[in-house]
Each structure stands twice: as structure tokens, then as C-alpha cells.
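Between the sequences and the hints, there should be enough to build the whole structure, so can you do that?
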Amino acid sequence: MRRPVIALITDFGLHDVYVGVMKGVILGVNPEARIVDVTHSVPRHDVAAGSYALSASLDYFPEGTVFAVVVDPGVGSDRAVICARSEGRYFLAPDNGVLAPVLTGRGYDALVRVEREDLYLRPVSSTFHGRDVFAPVAARLSAGLDIGALGREVSDFVRLDAPEAEAGPEGVKAGVAWVDAFGNVITTCPARLVDAVIGRWGRIAVHGRDASFPLVACYEAVPPGELLAIVGSSGFLEISVREGNAARLLGLGTGDGILLVDGGRM
Amino acid sequence: MRRPVIALITDFGLHDVYVGVMKGVILGVNPEARIVDVTHSVPRHDVAAGSYALSASLDYFPEGTVFAVVVDPGVGSDRAVICARSEGRYFLAPDNGVLAPVLTGRGYDALVRVEREDLYLRPVSSTFHGRDVFAPVAARLSAGLDIGALGREVSDFVRLDAPEAEAGPEGVKAGVAWVDAFGNVITTCPARLVDAVIGRWGRIAVHGRDASFPLVACYEAVPPGELLAIVGSSGFLEISVREGNAARLLGLGTGDGILLVDGGRM
Amino acid sequence: MRRPVIALITDFGLHDVYVGVMKGVILGVNPEARIVDVTHSVPRHDVAAGSYALSASLDYFPEGTVFAVVVDPGVGSDRAVICARSEGRYFLAPDNGVLAPVLTGRGYDALVRVEREDLYLRPVSSTFHGRDVFAPVAARLSAGLDIGALGREVSDFVRLDAPEAEAGPEGVKAGVAWVDAFGNVITTCPARLVDAVIGRWGRIAVHGRDASFPLVACYEAVPPGELLAIVGSSGFLEISVREGNAARLLGLGTGDGILLVDGGRM
Chain B
22 MRRPVIALIT DFGLHDVYVG VMKGVILGVN PEARIVDVTH SVPRHDVAAG
72 SYALSASLDY FPEGTVFAVV VDPGVGSDRA VICARSEGRY FLAPDNGVLA
122 PVLTGRGYDA LVRVEREDLY LRPVSSTFHG RDVFAPVAAR LSAGLDIGAL
172 GREVSDFVRL DAPEAEAGPE GVKAGVAWVD AFGNVITTCP ARLVDAVIGR
222 WGRIAVHGRD ASFPLVACYE AVPPGELLAI VGSSGFLEIS VREGNAARLL
272 GLGTGDGILL VDGGRM
Chain W
22 MRRPVIALIT DFGLHDVYVG VMKGVILGVN PEARIVDVTH SVPRHDVAAG
72 SYALSASLDY FPEGTVFAVV VDPGVGSDRA VICARSEGRY FLAPDNGVLA
122 PVLTGRGYDA LVRVEREDLY LRPVSSTFHG RDVFAPVAAR LSAGLDIGAL
172 GREVSDFVRL DAPEAEAGPE GVKAGVAWVD AFGNVITTCP ARLVDAVIGR
222 WGRIAVHGRD ASFPLVACYE AVPPGELLAI VGSSGFLEIS VREGNAARLL
272 GLGTGDGILL VDGGRM
Chain S
22 MRRPVIALIT DFGLHDVYVG VMKGVILGVN PEARIVDVTH SVPRHDVAAG
72 SYALSASLDY FPEGTVFAVV VDPGVGSDRA VICARSEGRY FLAPDNGVLA
122 PVLTGRGYDA LVRVEREDLY LRPVSSTFHG RDVFAPVAAR LSAGLDIGAL
172 GREVSDFVRL DAPEAEAGPE GVKAGVAWVD AFGNVITTCP ARLVDAVIGR
222 WGRIAVHGRD ASFPLVACYE AVPPGELLAI VGSSGFLEIS VREGNAARLL
272 GLGTGDGILL VDGGRM
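Chains as they are written, first to last, in my numbering: chain B, 22 to 287; chain W, 22 to 287; chain S, 22 to 287.
Computed spacing ranges between beta-carbons, pair by pair:
hint, chain 1, residue 1, chain 2, residue 2, range
1, W, Pro52, S, Gly223, 48 to 58 Å
2, S, Gly95, B, Ala170, 44 to 54 Å
3, B, Arg65, W, His228, 42 to 52 Å
4, W, Pro190, B, Glu264, 32 to 42 Å
5, S, Ala164, B, Gly246, 52 to 62 Å
6, S, Asp277, W, Pro244, 20 to 30 Å
7, B, Arg269, W, Gly126, 32 to 42 Å
8, S, Pro52, W, Ala212, 24 to 34 Å
9, W, Pro244, B, Val145, 48 to 58 Å
10, B, Pro52, W, Val175, 42 to 52 Å
Hints in this document: simulated from the structure, not taken from any laboratory.
Where a beta carbon is used, it is the ideal one built from N, C-alpha and C, also for glycine.
Written out as C-alpha cells, the structure is:
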């Protein structure tokens with residue numbers, strides 16, 4: 022099967038040579054690979070945020086895409102590397118929870134612990150497995166190597182520390198999955214839980230913040246500078262300020278826990 | 022005809038997954054597309070700056086290139102999407118003026134209103150047409166779809182609010198098209214209007230700023246730290262500080278209006 | 022021979038259209054080129070840092086790769102452009118020292134002064150040779166043009182101002198080659214000189230800084246927040262803070278000179 026696309030998600034940033042070096046390694050193994058940067062701005066070592074970046078993007082990539090998710094606070098330790106196949110896409114990452122939401126939510130038809138050291142760049146450094154492990158293995162997969170050739174099948178994987186959003190009597194306990202460059206606060210609250218928080222006035226609030234805002238269908242529903250909640254393009258509740266920065270206004274950052282509550286009457 | 026290159030200009034930045042997602046969509050439709058990031062640092066919703074980024078880059082791309090210019094403050098409203106063909110290149114953008122300088126300056130041999138909803142990702146979100154509309158349509162164009170298949174021909178398009186530079190008795194009324202990462206101030210004053218402002222001493226000034234500087238042919242013509250004016254690589258007057266930051270020194274930013282005047286004698 | 026990969030190292034940043042324009046020019050000449058961004062964040066005009074970015078990345082790119090290194094404070098002056106072939110890879114850059122460490126360290130089997138103005142974009146601007154000179158020449162090389170066709174052979178090249186690291190009685194005189202986005206301080210001290218500085222307690226210090234730190238094999242060898250020295254993934258001594266920012270803690274930046282000394286007993 023054709024698997025030309027390799028999609029990269031890392032916390033390396035674009036300032037240094039690290040991502041470029043990974044691409045050099047990939048093209049040395051598979052000159053036909055088409056490499057796409059999903060994002061390299063995952064906050065450093067933030068496994069939950071890396072997981073969000075994957076969830077928010079994977080549906081938009083073609084079947085056969087190989088995702089290499091290198092958010093790896095345990096690099097150099099004995100944490101495992103795993104690879105899964107789900108709905109025709111491949112997911113290669115440290116076994117630290119970064120793949121857990123995808124594997125739990127969608128299931129998988131293959132899951133292996135990667136142990137083919139002969140595929141790695143040697144010697145393997147203790148600090149840069151993106152180059153020495155993930156790049157060459159992703160390139161082999163994209164060149165057609167069978168996932169079963171990467172190592173033995175395993176039956177479980179590490180879960181994320183961060184709990185999933187859940188509705189309770191007080192509201193929806195959720196988290197901030199990502200703050201984007203515009204200051205939009207993307208929560209972990211999925212569309213299906215919004216009913217559990219919104220009251221008869223159609224407004225939402227973040228517990229502890231002195232602000233209540235309407236759930237709307239498009240930004241233009243509020244005046245410039247006003248807060249709003251919207252089910253964003255990735256299916257989760259987002260809090261925004263029209264033509265402004267909601268994260269700064271509410272003092273929220275990636276990884277924060279929040280309690281979403283009925284915003285009452287304006 | 023071969024049209025493998027898709028050139029992207031957006032205000033999305035590279036921090037988030039948005040640009041990567043657009044590329045995933047493109048490669049799903051046309052695996053052979055060659056995607057080039059022109060810039061994703063257009064100031065948010067700044068249609069005139071997006072227009073400048075296009076003007077400054079398009080001549081350097083091969084015939085057949087499809088430019089997708091996604092600077093789209095009206096996303097989710099009823100603003101139209103248009104596509105033009107000019108000198109063998111394709112331009113796909115919201116009809117908000119971002120294409121106007123190119124279409125006015127160069128003409129076009131086809132201009133359509135894009136209305137082929139069957140080509141879009143469904144459902145179309147209200148916030149991310151880069152993914153749902155522009156990416157799949159650009160990919161189809163690059164795969165060979167005829168521009169006439171995108172929708173009905175139209176005879177006009179929205180103009181930019183920002184006026185073109187013009188010479189008057191007081192000097193040249195112009196604007197700041199772009200401030201680059203080095204602090205160079207790229208004005209909207211084209212080379213042909215420079216004669217209208219420069220006096221016998223070969224110097225220029227910005228009205229209201231206490232500084233006058235020479236028009237030079239290369240940076241080395243002034244000492245380090247000094248202001249200069251130069252006709253830049255894109256054919257417009259630029260104001261720079263040799264080894265310094267002119268935008269900061271003069272307090273100018275993208276979108277500012279300026280009056281360029283004779284700089285007098287030093 | 023196949024030479025599809027063009028690797029770009031510049032100080033242009035990604036904010037502006039400059040890098041995108043170079044890619045447009047390249048794809049116009051060689052539509053099959055595979056362009057990789059190594060980094061565009063070389064500090065402006067910092068030839069030694071550009072040289073480091075090249076040294077740290079080149080081994081990871083396939084044979085036949087064409088490196089275009091555009092860190093060019095002398096653009097528009099009469100500085101030469103050179104091209105070398107070394108171990109099957111091609112290096113195209115201004116003759117300002119940026120290639121010197123690679124050519125000195127590895128030798129080369131061809132070195133020419135590039136003078137084929139017919140290959141350049143005309144007219145050649147005085148400010149943007151990345152677009153007008155380096156992009157089209159790199160594209161020709163990647164399309165198979167012989168290096169000998171670029172100009173006459175030369176027997177020497179400009180050296181870097183920055184001296185190589187050397188061991189003396191007081192310690193190892195070295196420099197800061199690069200500060201990465203995580204604040205890791207990558208020195209110019211190669212692994213082979215580490216013995217010259219480290220004493221019996223296995224610790225290193227930077228002369229003039231009130232801190233001593235151990236040489237370790239992995240970050241986990243020290244507690245979070247502590248300084249450490251490690252031979253990094255590119256073979257040079259790096260100074261880091263586990264889960265912190267060493268550059269900020271020590272007040273060091275790219276290009277600084279340092280004296281590495283025995284760190285004594287803790």
C-alpha cells in the first residue's frame with residue numbers, strides 16, 4: 022500500500038536544526054517520503070498537549086499516513102517506543118500516554134513495541150531519539166515495512182495522567198488542551214458534554230473567573246472584544262474573544278484544569 | 022498542464038496544527054502536490070499585508086502555481102470565495118480585496134466565484150475554511166481541474182480599503198506594506214514614484230519623524246546604525262537601518278500610513 | 022547521480038516571504054527538488070553560528086544533498102560565492118568562512134568560485150542573493166549540473182574569525198556555537214578535548230561563572246533544575262539545566278567566548 026506521508030508532531034520548535042535533521046534522516050531512508058510538519062510547538066515535554074495536536078489533525082491526513090509523535094520527557098530512560106495501526110494510519114511514539122486518547126477512542130488493529138535496533142541510527146544518543154529512532158523507523162514504515170516487523174505485539178499501553186472531561190453535579194471538569202496563537206482556549210470538553218453545562222440562558226462560565234459568555238455558532242454573534250464559547254473545528258468547546266485573546270483575559274494556559282459551569286443570565 | 026506547486030499564504034502562524042492540517046487535506050486530494058509555505062505570519066486579519074506577501078512572491082513561482090491566500094476576517098459570513106487565473110498562475114482567496122492589487126495590476130483571463138460545495142470537506146466549519154474550502158479546492162486545481170469548473174464567471178471583485186501610493190504636492194502618500202523580521206519597513210511606494218519625493222540632496226524623510234536619510238543602492242553606503250532608503254528586492258521603497266531596526270527607530274508598523282517627503286540637506 | 026535534496030540554512034527567519042520565494046525559484050528550475058529547512062534561525066549575519074548549524078546537521082542528510090548556506094553579511098559587496106563537494110555532498114555559500122570548518126575538517130574533492138551569471142535571476146538585486154544566486158544555482162546542482170560548470174577551481178577559501186577550541190594550561194578556550202530553543206548551551210569544545218578540562222571530581226565550570234557541574238551521560242543523572250555538562254548529539258560539549266534554561270542561568274549567548282575549567286569538588 023502507498024504510505025508516502027509522514028506527519029511530524031514534536032516539541033522541538035523550529036529554531037534549531039533538530040527537525041531538519043530528522044527530515045534528512047527520513048529522506049536518506051525513503052527519498053519518496055512526503056513530510057508534513059503538523060506542529061513542532063507542543064510545549065516542552067507536555068504529553069497531553071502532544072496528544073491533543075494528534076487528535077486535532079489526524080482525521081485530515083490520508084490513509085497510510087505515518088504519524089511520528091516525538092514528545093518524549095523520558096528520552097534516554099527505559100521507556101518503550103510503540104507503534105500502532107488504526108484505521109489505516111500508523112502512529113509511532115514513546116509509550117508515555119501520548120497515543121492513549123487516539124488508541125482508546127478509535128481502537129487499533131495492531132500494536133507493537135518497537136525493538137528493531139538494527140533500524141536505528143547507531144550509536145543511539147541518549148538525548149535525540151527523534152533523529153536516531155523515530156525518523157528512521159517512520160521512514161521504513163512509509164517505505165512499506167510491515168508494522169509486525171518492528172517488534173512483538175503488546176496488549177497495553179501507558180495512559181495519560183490527565184483525566185478525560187466528565188460531567189458532574191457542579192459542571193464539567195475539563196482541561197485546557199491547547200492555547201493557540203490567537204489566544205483561543207481549546208478545552209478538552211467534547212461537543213456532547215456541552216449540554217451538561219449550559220443552562221437556560223445559553224451561557225457558560227469558567228468557575229473562579231469573573232466572566233460569563235454565550236455559546237454561539239460563529240464569532241460574529243458577539244461584538245469585538247467580547248468572550249464567547251464555540252464548538253471549534255476539532256469538535257471541542259473553545260473559549261475565544263472576538264478579535265482578542267481569551268487565554269490572556271482569563272489567565273489560562275495549556276494544561277490548566279478548569280470547571281465549566283452554567284453561565285447564568287447575563 | 023502541470024501545476025504541481027501550491028503556495029500558501031495565511032495568517033495562521035506555525036504554532037498550531039492549522040497549516041499542517043491544510044497540508045494533510047491537500048495531500049489526500051493530490052498526493053503529487055508540492056506545497057510551499059510563502060508565509061504564515063501575515064498579521065491576523067490584515068488583508069493588505071496578505072496582499073503584499075502575494076505581490077512580493079508570486080513572480081518567483083513557476084507557471085501553474087496555485088496560490089491559496091487565506092487571510093479571511095469574514096470566515097463564516099457570506100463573503101464569497103474567488104479564483105482567478107493570471108499569467109498562467111492561479112489565485113484562490115476570499116473575495117475581500119486580498120487579490121485586488123494582483124488582479125488590477127496584471128489583469129486576468131479567468132475569474133470565477135467558487136461555489137462547488139461538493140469539493141469541500143463536509144460539514145464546512147464556520148471557523149476554518151483554510152481546511153474545509155481552500156485546501157481541497159487548491160488541491161483539485163493543482164491536480165488539473167479546470168478553473169471554469171469551480172463556479173460561474175464573475176466580472177468584478179472586492180477592492181482593498183487601503184489606497185495605492187500616490188504623489189501629491191506635499192510628497193508621496195503611501196503606507197507600510199510589511200515590516201520584516203529585521204525591522205525593514207517595506208512601503209507601498211513603488212520605484213517609479215521615488216523621483217516625486219526625492220530632492221536635490223538625494224534624501225528622503227517620513228513626515229512627522231525627526232530623521233532624514235539618503236536613498237542608496239546598497240546598505241554599505243551608510244555606516245552601521247544609520248537610516249537609509251533603498252529600492253528593495255520587490256520593487257518598493259524600503260526604509261532600513263544598517264545592522265539595525267528601522268521599524269523600531271521610526272515607530273512604524275505594518276498598515277501604518279506615511280507621507281514620504283524630500284529629506285532636504287543633511 | 023541522484024541529488025534530489027536541497028537543504029537550506031539561512032538567517033532569514035520564517036516571518037517573511039524570503040524563504041518561500043527561494044523555494045519558488047528552486048521549484049521553477051528543478052520541479053523534482055526536495056527542499057528541507059535545516060534552520061532559518063541563524064542569528065542575523067552570524068557566520069560562525071551558520072557554520073555550526075551546517076556541521077551539526079550535514080551527516081544526517083543523504084549523499085548528493087545540496088546545502089545552500091545563506092548567512093551573508095557581505096551581500097551586495099564583492100565577496101565571492103563558492104561551491105565545494107565533499108563526501109558526495111555539495112556546499113554552496115558565500116566565501117565568508119561559513120564553510121571553513123566543514124572544508125578544513127573533512128577536505129573536499131572539488132572547490133570552485135561560482136561565476137555563472139547566466140544561471141542567476143536577472144537583474145541580481147544587491148540585497149537578496151538567496152533568491153537571485155543561491156536558489157537557482159542550488160537547483161541546477163540538484164538537477165545534475167556538474168560542479169565544474171559553475172566556475173573556475175580555486176585553491177583556498179576564507180577562514181572563520183572564530184578560533185577553534187583549544188586546550189591550554191588554564192583550561193579549554195572555546196565558544197558558544199549555538200543556544201538552542203531550550204536554553205542548552207552548545208559549545209565548540211569537541212568530545213576529545215573534554216579530558217583536558219575535567220578533573221578528578223568529574224566536574225566542569227565556566228570561568229567567571231559561580232557554578233560547577235558534573236559531566237554526565239544523561240539528563241536524569243542530576244535533579245531537575247540542576248546544571249550538567251553532556252556530550253551532545255552532535256559531538257560537542259553542551260551545558261544544560263535539567264528541565265531548565267542554562268543559557269539564561271549562566272548569561273551565555275551564541276558567539277560568546279568561554280573558558281572551560283576543572284569544576285573541582287562539589
